[in-house]
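Construct the complete structure from the given sequences, taking the supplied hints into account.
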Amino acid sequence: MISRIAKYFGVGLATILPFALVIWVVVSVVEWVDGWFGNLMESWLGITVPGLGFVMVMLGITALGILTRTYISRRIITWLDLMFSHIPLVRSLYTLVKEIVNNVLGHHRGFQRVVLVPWPDEHSLALGFLTQEMLPTSLDPDGDRVAVFLPFAFQFAGVTVMVERRRIQPCNLSVEEGLKFVLSAGLGQSNGVEHPSVSQQPPVPPFPAQSRRDGL
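Residue numbering for the sequence shown follows my numbering, beginning at 1 and increasing consecutively.
Don't take every hint at face value.
What the hints assert, rightly or not - For each label pair, taking beta carbons as the anchor points, the in silico distance ranges come out as:
| # | residue 1 | residue 2 | range |
| --- | --- | --- | --- |
| 1 | F54 | W79 | 26 to 36 Å |
| 2 | A63 | G10 | 37 to 47 Å |
| 3 | F9 | W79 | 34 to 44 Å |
| 4 | G143 | R75 | 34 to 44 Å |
| 5 | I66 | V27 | 19 to 29 Å |
| 6 | D142 | S174 | 25 to 35 Å |
| 7 | A63 | Y8 | 38 to 48 Å |
Hints listed in this document are in silico derivations from the structure and should not be mistaken for laboratory results.
Using N, Cα and C, we set each Cβ at its ideal position, and we do this for glycine too.
In structure tokens form, the structure reads like this:
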């Protein structure tokens, strides 16, 4: 009983920690910038501007985005990325937060397209997102499966299932529309967005055996 409670506590902690850490960092940075610039404005101009810290943080992030387009800035960011990716303990948290942010903001094709798969039985379909078309041989010895993420409504959580390639069906929703449909439990379709239906696109083509990655 104690071990089961400890297990659930560990799972809950691992789930909430990345989000709590990001919120804490953002709030701390905004408060620090707000205090620093607020004191500066008060000493120079004798006025206090509420929310100045938030505005300055937004401007700073935008400026950072502009700087990343330069060669030197890209080299520095790459170096920082490698450094954080090799620090014990920090590495796991940094990688998790980075993947979540990249998927949410669409900076890489984490969710490739929307598909329909039989779930939880043959008589019903679940809307999911194709995330990987080439699986390691340790997970897919026969080379006929793909990875599909099935999110749950009202929270960004879900399950990833290994589905036979012939059993997934393309869907006529974009990734953004699919996320809206699933995360709103199908209630967020009032703005002219089509309901999910089977697309006329051909099924996912099989990959040559030599193109599949080696097992982990």
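Hint by hint, here is what the structure shows:
no., hint, result
1, F54 <-> W79: 26 to 36 Å, "29 Å, holds"
2, A63 <-> G10: 37 to 47 Å, "39 Å, holds"
3, F9 <-> W79: 34 to 44 Å, "37 Å, holds"
4, G143 <-> R75: 34 to 44 Å, "39 Å, holds"
5, I66 <-> V27: 19 to 29 Å, "25 Å, holds"
6, D142 <-> S174: 25 to 35 Å, "31 Å, holds"
7, A63 <-> Y8: 38 to 48 Å, "43 Å, holds"
In summary, this structure violates none of the numbered hints.
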